[in-house]
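Assembling the complex is the task here: the two chains are given apart, and the hints tell you how they should meet.
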Amino acid sequence: MGAFNAELLKLKRSLSWPVVVLLPVSLVLMGAATQLAQGGQPDDGWHTVWVQSVGFYGLFPLATGIAIIGSLVWRCEHRGSNWNALMSGPTPTLHIVVAKGLVIAGLTAIMQVVLLISVILMGKLGFGLPGMLPGQYVGITVLLALMALPIAFLQSALSMLIRSFAAPIAVALVASGISVVALNVVGDAALASPYALVTRTALLGTGTFSDPGSVTAGDLIPILAAAVFLVLALVVASTVILERRDTRV
Amino acid sequence: MSSPPVTPPVVTPPVVATENLTKTYGGRSVVDDLNLSIPAGCVYGFLGPNGSGKSTTMKMLLSLIQPTGGRVQIMGRPMTRGTRRELLGSIGSLIEAPPGYAHLTGAENMRLVQRLLGLNREQIDDAVRTVRLQDQMDKKVRNYSLGMKQRLGIAMALARRPRLLILDEPTNGLDPAGIEEIRGLLRRLADDGVTVMVSSHLLGEIDKTANVLGILSQGRMIFQGTRSELMTASAPDVIISCSDPQAAVATLRPFDARHAGRSDVAIPALDDQQTAGAVAALVGQRIGVYGVRRDEQTLEDVFMSLTAGGGL
Chain A
1 MGAFNAELLK LKRSLSWPVV VLLPVSLVLM GAATQLAQGG QPDDGWHTVW VQSVGFYGLF
61 PLATGIAIIG SLVWRCEHRG SNWNALMSGP TPTLHIVVAK GLVIAGLTAI MQVVLLISVI
121 LMGKLGFGLP GMLPGQYVGI TVLLALMALP IAFLQSALSM LIRSFAAPIA VALVASGISV
181 VALNVVGDAA LASPYALVTR TALLGTGTFS DPGSVTAGDL IPILAAAVFL VLALVVASTV
241 ILERRDTRV
Chain B
1 MSSPPVTPPV VTPPVVATEN LTKTYGGRSV VDDLNLSIPA GCVYGFLGPN GSGKSTTMKM
61 LLSLIQPTGG RVQIMGRPMT RGTRRELLGS IGSLIEAPPG YAHLTGAENM RLVQRLLGLN
121 REQIDDAVRT VRLQDQMDKK VRNYSLGMKQ RLGIAMALAR RPRLLILDEP TNGLDPAGIE
181 EIRGLLRRLA DDGVTVMVSS HLLGEIDKTA NVLGILSQGR MIFQGTRSEL MTASAPDVII
241 SCSDPQAAVA TLRPFDARHA GRSDVAIPAL DDQQTAGAVA ALVGQRIGVY GVRRDEQTLE
301 DVFMSLTAGG GL
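Chains as they are written, first to last, in the UniProt record's numbering: chain A, 1 to 249; chain B, 1 to 312.
Isolated chain B (complex conformation) (with noise of 0.2 Å):
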């Protein structure tokens, strides 16, 4: 009797994925050993500090800079500067600033991008209404607010119908309203199947819109998954109410535990078994524990405890 047939279950690659990429300038490492895996259709959060090497990274994502090692792959194919073009027909991008001539209208500069990619009317319609920039097309970019540059730049990008949106920083700049804009246009985006990296150094203004997280740190990546993953690979202190946490501290000293205000004692990085042995250790000791339970902490603390609050 022969066996069914068993389908092989259908792993997407990553539309991008970085293998070891590095970049050094004077023999300072700018970007180091970073391995990236930004799945499809996802909103990918690249986060760090200023500095940290995030538009460093995006520079080798689009090839605008060439890795001193390691590589890049952008939808399974190489991105090298002999593949650079052809691949970039589906990536629409926004790197440090907006871009836009200043002595063109953003009807012209639309134009612009329509003949430069051979693209037809309707797509280029469709980007500025995405963006809603529709009542202001007969402007000058240069009398444009940076809300409105910011805008513009992402319907030239968007105008491709790119597969891959990689965009820096793209709130800078922005008022409330204008964040909320542009989170709420990357979720569409990601709803229509596009895959979106987007940094930021403020994690409060990516949080929201992102499902899957990389941070950056000093040039490494020092976490990447999702949210709850996030959490979870930090674990919170354990925090012990007690009768006299002074002589708890000082019980707990080989746990580096700290007192936390009141009856309160903190213990950081500590697994079940190590907290059911620093319970005993007080009751051992004839201090009264009160309650045991976790620190609550938000995806802003585990973040500037990762980074370790550098340059935010």
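Here chain A stands alone, though its shape is the one from the complex (with noise of 0.2 Å):
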């Protein structure tokens, strides 16, 4: 808990706040900006601003997102000797890296949060849209928030082995193409990716890609249990590498 807090307070004037508020708002945006510029509603209403703004975020900005948080979260540990005071502290390894992994899985929930708002806000001023988005939705942000953790958790052990600021981000966005590919290629055996699980929430009700269009118990429970199997297994990957490893000379 204390790791965690610790975490919080290291938040404040982080750049990471940006990130969270402009990826999804540009997204949800540019995601609208041709029908705005025809005019007119959607064909679709609330559907078919979700899928333009929710369904390309999941292909690979959301995965972007996390990593460029991720690399913001652990640069301050690399910068002078942070890391040396990290760990040369009495705060065990597990609890470094669940704070770490928490701080970036709570940065992106709340980077949904802005997307939803942002979609409810494009529906309703952009396109002057009838009712309210449909709860399924609501469902979908939630579960996406949840869905994010094995990145959270990937991205942030890549963040803490490597210096460089901008390699986790490349790493984040080669790897979401090929989940893409994968998940259209061999179904839910991607889900093994945790780029391809985001990809995968995030076109969930869509009817795109791989996409049945309608959203089952059946979708839900390999997605889940595969988020917690990644999860379990990127915390316990992490913590073990990161207590072995030696600081630099």
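Since the hints were derived computationally from the structure, they do not count as laboratory data. We treat Cβ as the ideally placed atom computed from N, Cα and C, and that holds for glycine. Watch out, some of these pointers could steer you wrong.
To be verified - No farther apart than 25 Å at their CA atoms in a straight line, the calculated lysine to aspartate or glutamate pairs in the DMTMM-like style are these:
#1 B/149 / B/135
#2 A/124 / A/243
#3 A/12 / B/125
#4 A/12 / B/122
#5 A/12 / B/108
#6 B/140 / B/191
#7 A/12 / B/135
#8 B/140 / B/122
#9 B/208 / B/244
#10 B/139 / B/126
#11 B/208 / B/295
#12 A/12 / B/138
#13 B/208 / B/256
#14 B/140 / B/108
#15 B/208 / B/191
Said to hold, decoys possible - If we take Cβ atoms under 8 Å as the criterion, some of the chain B residues that face chain A in the derived model are:
#16 88
#17 93
#18 97
#19 98
#20 102
#21 104
#22 279
#23 283
Claimed, not checked - Covered by chain B, per the in silico footprint, the following chain A stretches (three or more residues, Cβ under 8 Å):
#24 4-15
#25 68-81
#26 91-100
#27 234-246
Spelled out as structure tokens, the structure:
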């Protein structure tokens, strides 16, 4: 708990906040830009606004956003002798790994909320759609926040091990591309990749790529199982690696 | 008649002890077979030229890096990856450069330490007062001078009220006033029972503070003991003033004698018996001996001769 509270304090004046707000807002704007320019309402109302924003967001921008947040959260530890200070304190390695992962996941969850609010505002103010965004999409937003946990822990591990700011982001970008292809080729077997997991979740109910268009319990079970397994595996692996790793000389 | 019970003398184990501590990188020994012993409550000056292995040793003491060979004992317990987090609760440290999150203020950095270590407000305030940084706490660390960063780093290390403080070149980059302030701080901490290990490549910086010295050269411990032991260990030259120094040097060639200016001849590593023999040899050659004395040398001279001036 102490490690997590300390991580929260480090977020003060962090550059993570602009990423959390600007990334989803700009994606919703980009998704709706063509339709807004043409005027009129989208054919399928709220569904179209959602697919245009979130469908694309789940392909690679979400993973890239998490990777940027991961690099920002770890960057301060790689500066000066902060790494030495972190590793020569009494905080257990497991707590450091979990606290960092949860902070990245927490920022990602806030990013999903910003996305949801942006989609609602676009629907109401941009297109003047009647009614409200269907509840199913609120559920998918919650699910997306949870399914981002494996990427949060994976990107946290990468940014922990790699001092470079850009390299973990490049990994996320490439891995997302491969995962999208894998989802289309091998289906749910691709869920072993955390990147495929968020893409699959973002596509839930959209009817695009491999998604049937409706959300059933059968769709959710493999996704949830994969997420729980991946988070546990990543926490254990990161802790073991960090525990054995020497500080640089 | 039974003899009165004998109370065994209390022997305080060293706070830090290493046994054949070695670190090798690619076949090159950075720290070689080091047997370090730091008594409780002392200021231990860890001296050596740049690159002599001081930082690597300190990192091994903190288990930041794992030794290639040998062992580390801290407060009587082995320091390993398995025990380090428990032991590190009682060790404050500052390795290489002062830590601190540049985007946060000094106060926020201290609050972070407070949260991380579960400390109370008083411990934080005490640490800040000790380094006299209380008036600079609302400034972002990015805008701190090097001296302020050093003091914040020390406050962060002190907040946990450590039994052992390991400081790697804490006076680096400080002005003379800052150096004197750190010296005073280390003395106060030692008076309060904290064992302090402080490294430097400059003897003068910790000479007045440390009561035990360890001198490292090319990864090997070349001296460990008190200041006076150091002076004794390095016997100064014998200087003989005489009527004919050239002839004296020739006579005393077996002793490696050399002309040391005007009427003086210097002879290294000579004990009392040999000194008497040298004087007798000169008298035998009818060279007038005006005086015989030991050369005066400073601790700096001893340090320089022990480390062969490497990197200084």
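Outcome of the hint check:
no., hint, result
1, B/149 / B/135, "14 Å, holds"
2, A/124 / A/243, "51 Å, violated"
3, A/12 / B/125, "22 Å, holds"
4, A/12 / B/122, "24 Å, holds"
5, A/12 / B/108, "9 Å, holds"
6, B/140 / B/191, "32 Å, violated"
7, A/12 / B/135, "21 Å, holds"
8, B/140 / B/122, "22 Å, holds"
9, B/208 / B/244, "41 Å, violated"
10, B/139 / B/126, "19 Å, holds"
11, B/208 / B/295, "22 Å, holds"
12, A/12 / B/138, "14 Å, holds"
13, B/208 / B/256, "34 Å, violated"
14, B/140 / B/108, "9 Å, holds"
15, B/208 / B/191, "15 Å, holds"
16, 88, "5 Å, holds"
17, 93, "5 Å, holds"
18, 97, "4 Å, holds"
19, 98, "7 Å, holds"
20, 102, "7 Å, holds"
21, 104, "6 Å, holds"
22, 279, "53 Å, violated"
23, 283, "58 Å, violated"
24, 4-15, "holds (count 7)"
25, 68-81, "holds (count 4)"
26, 91-100, "holds (count 3)"
27, 234-246, "holds (count 3)"
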